[in-house]
Amino acid sequence: MCERVPEGNARHRSGTRDPGLQPERTRLAWRRTTLTCAVAASLAGRQTLSSGTGPLPLLGLALVVLAWLAFLGAAHRRIRTMDAPRPPALSPRAAVVAVACVLAMTLFGAATLR
Amino acid sequence: MSGPRPSRGALSEVRLWFAPDRLRAEGRTPDYRFSLANERTFLAWLRTAMALVGGGFAVDQFLTDTTRPLRIALALVLLAGGALCALRAINHWIRCERAMRRGEDLPSSRFPVVLGLAVGVVALGMVLVVAFGWGV
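Those protein sequences? They're chains P and W, same order as listed. Going by the numbering used here, the first sequence opens with residue 1, and the numbers climb by one from there. Going by the numbering used here, the second sequence opens with residue 1, and the numbers climb by one from there.
Hints are computed from structural coordinates only; laboratory data are not their basis. Among the hints, a few may not be true.
As the list claims (entries may be wrong) - Taking CB as the label site, the calculated pair distances span:
#, chain 1, residue 1, chain 2, residue 2, range
1, P, L35, W, A19, 27 to 37 angstroms
2, P, P19, W, V127, 41 to 51 angstroms
3, P, L58, W, D31, 40 to 50 angstroms
4, P, R114, W, T29, 43 to 53 angstroms
5, P, L56, W, A25, 40 to 50 angstroms
Every residue, glycine too, gets a C-beta built ideally from N, C-alpha and C.
With the rest of the complex left out, here is chain W:
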């Protein structure tokens, strides 16, 4: 989901999470400003993940008029989306960091489009539930 590269590279990327020395062994250290910009992007994605997780809890706690299955389903979709977003945040951060060290192009990603569409669908569902009373 996070790029055109097949899953062959996914496992080695996960290993990079826990091996800072292996990341430093790649290529040359980029300008510190680029690394800091990458870090802020990572943090912005992490905040997005936290907002989704918080939204999931808010659905369960405050949409008390809806039926239980619908409420649980909406909450779980948001929580799972948040968890996925957090995992993707660190994966994308490490891929960008590695690409910068190697002097390669930054990885492209379909994730923002997928997340945007998913959030749109969930928001539409919420409007139907809250404003029009579907599933109440």
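Looking at chain P on its own, in the form it has when it is part of the complex:
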């Protein structure tokens, strides 16, 4: 961490300073993972509609969107806990939710492979 960062960024709200900006890097990691999840969800959603727009494909699309929203929620909750000088470790439950969303998306998309 030899690069210099602006004073405002390096200093945390509570006044303690983490020179490695670990909470911020972790926050951004959750953000870009949510973005990647959105890309995968778009492809999965497109996949569910590949067999038409009947009730079943639409249900698949709804489940894919729901899985992405669940991931977004988990990421948001985790990001809120990052706003502390020493954030607590990730809980296994949040990790399980994140992985379950990916698996759900995979399943709903795979069920509609042409």
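Mind docking chain W on chain P? Use the hints.
For chain W alone, coordinates are given in the frame of chain P:
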């Protein structure tokens, strides 16, 4: 696949996924920066899993010139790889977290090598299909 430890420990690791208190009962809480670094590694593996899953869907949707069995096979390999990668991500995260709490060495893993080789093979297959028209 994710380490030298036999499957005896695998089940207890899966139980750890759903029992945050049991993880906290192990050893001492490490420096929060180490836990956050472990978390970012977990997220990076999760993104890898999502990329594989997205690639699987992309194969099925955009390689429309290939025969159906080949396309489905390629898509399923990528989807299964993505699912495996996601499961391994959380397993490795929890093993690293536990090792840090216990003050042990971090677990070693053959998974990155296996995944790298598998992705190389699939990529080669895609080149043969797309560029040279095999299986079209």
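Tested hints:
no.	hint	result
1	P/L35 <-> W/A19: 27 to 37 angstroms	holds, 31 angstroms
2	P/P19 <-> W/V127: 41 to 51 angstroms	holds, 45 angstroms
3	P/L58 <-> W/D31: 40 to 50 angstroms	holds, 48 angstroms
4	P/R114 <-> W/T29: 43 to 53 angstroms	holds, 50 angstroms
5	P/L56 <-> W/A25: 40 to 50 angstroms	holds, 45 angstroms
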